[in-house]
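Asker: Please construct the entire structure, taking both the sequences and the accompanying hints into account.
Protein chains in written order, with our numbering: chain A, -18 to 380; chain B, 20 to 159.
None of these hints come from the bench; they were simulated from the model. Virtual Cβ for every residue (Gly too), placed ideally from N, Cα, C.
Here are some, though not all, of the chain A residues that point toward chain B, as calculated from beta-carbon distances under 8 Å: (1) Ile91; (2) Asp309; (3) Lys317; (4) Leu320.
So you can see what is in the structure, the chains are spelled out below.
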Amino acid sequence: MLQEFIDSLIADGLFGGLPRDVAYLIGMLAAGALVVFGFVLNVAGITTFVERRVWARIQSRVGPNRVGPQGVLQWLADGLKLLMKEEAIPFAADARLFKLAPFIVTIGFITAFVAMPFSSALIVADLNLGILYITSMTSLVVVGIMVAGWASNNKWSLIGGIRAAAQIVSYEIPAALSIFTVILITGTLSMQSIIQQQSWLPWDWFIFHNPFTFIGFFVTFVALLAEGNRTPFDLPEAESELVAGFVTEYSGARYLFFFLVEWGNLYVISAILVTLFLGGWQVPMIPVITDSAFGLNLLQALTFVGKSYFGVILIMWIRATLPRIRVDQLMTTCWKYLLPISFANFMGTALWVLIWPDGFLPAELLMTALGFGLVGYFFYRVAYHLRRSGAQITLSPLS
Amino acid sequence: MFFQFGNVLVFVLLAAGLVGLMTGLSWLLRPHNPEPGKMSTYECGEPPTGGAWINFNIRFYLVALVFVIFDVEVAFIAPVAVVYREWVERGAGLWAFGEIAMFLVILFVGLIYVWAKGDLEWVKRVTSSDEDTQQMREAA
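Answerer: This is the structure:
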């Protein structure tokens, strides 16, 4: 915990005779800068590169591989290029709001990382509001998107902006209801407490807690995808219909931030799912590594980021595979399918907690077997079709 | 508590500072040659007809209205969901379950009402009143 850490630094006399509040502020700024510059920006940037490579493999192309070894520095080159591009703010636009929009979007995205856990000790602040805080902060992004769409004074941008607003607010309800199914089980909103109530064993994860949370996981996943404007729900910036949606008029550094937030949000989406449903940073106790606090936290952080990044790659796969859905299908999916399903999930979980407050192990084991069986069956079918078509496919990303 | 939410404030400042810094840096680095064609609104290369601050589809407004109702209700569910486990452990679980069920049933009846009224349809059906207007138009 950051507060205890700063307290110990003060006790060591590192801050000299500074007042406690000033020492706290310096500590918070240092920790915040470390998280933002050391993790958030890098993960968003690297995700853009990884996504292009993953798509390239899926579409039998090579992808960017020129800047640095295997193209790993492509994202830095892209960022630098965008910074040096001339910026055109249309005369017709509302220039003040136009410039304000990237601020709102970035604030909504970066503040989510305050309560984002990395390991049992690595978290900026384990807010007691936890997951509620993260969902409310990330929905600040929609305000920025609407402002961007409106201020551009461009028809594509306007349509993109209001589509984004309608889509994100609609999908917030199934997302919130499905997130609350987990809250019914845990009885706390704090991200760390939610993870602490799970363990590294898959049947202790909340996705396998009961059939309702199992469905709730997929409802949350779909709803969060829609909130993050990802394919198949990328209607607000549908390239083939709206040019670039709400970012049509943006260029240069301001465009960079919309870009950053969209790709950074992939990590946020996966981290929320991993925290709520997939056991978070829980690791088995390996005596040699986890004896020291450092080794334990390193292993936990690697587990958490690894699981989250697996989710990110899953989202990339979905984007490379599925076509975009129509606006009316989007609304039907949300209001007529996801919402009733999440209502049923919520009531079902409430009933389950009423009957078995501490979980029902046979059901958990059965759900785990079912879940892993589904994944196994999927890969069996993939292998079967590959064998049957006689396709020559290498699965190495570097070939 | 002060410390924890102080962090939120620090992150807001950091995010705003980041955007300010990067746009400032870009202002120093980038060329700046505005000319009327470049600064005109993009409409696929054609000169734009009129502004974009115009009326848009009423469906978006209806979605926003339905959302407000449901989101307020979801906000009410949040505290109940947090204390539910506690109530179950105290032995008052059935009572809490009944209350949640009642609340959600009322909410669900609202959803069914909106659904039956056709306000969840994106493509609007022609209702009887619309037919009347059409007939009036044809007659006129």
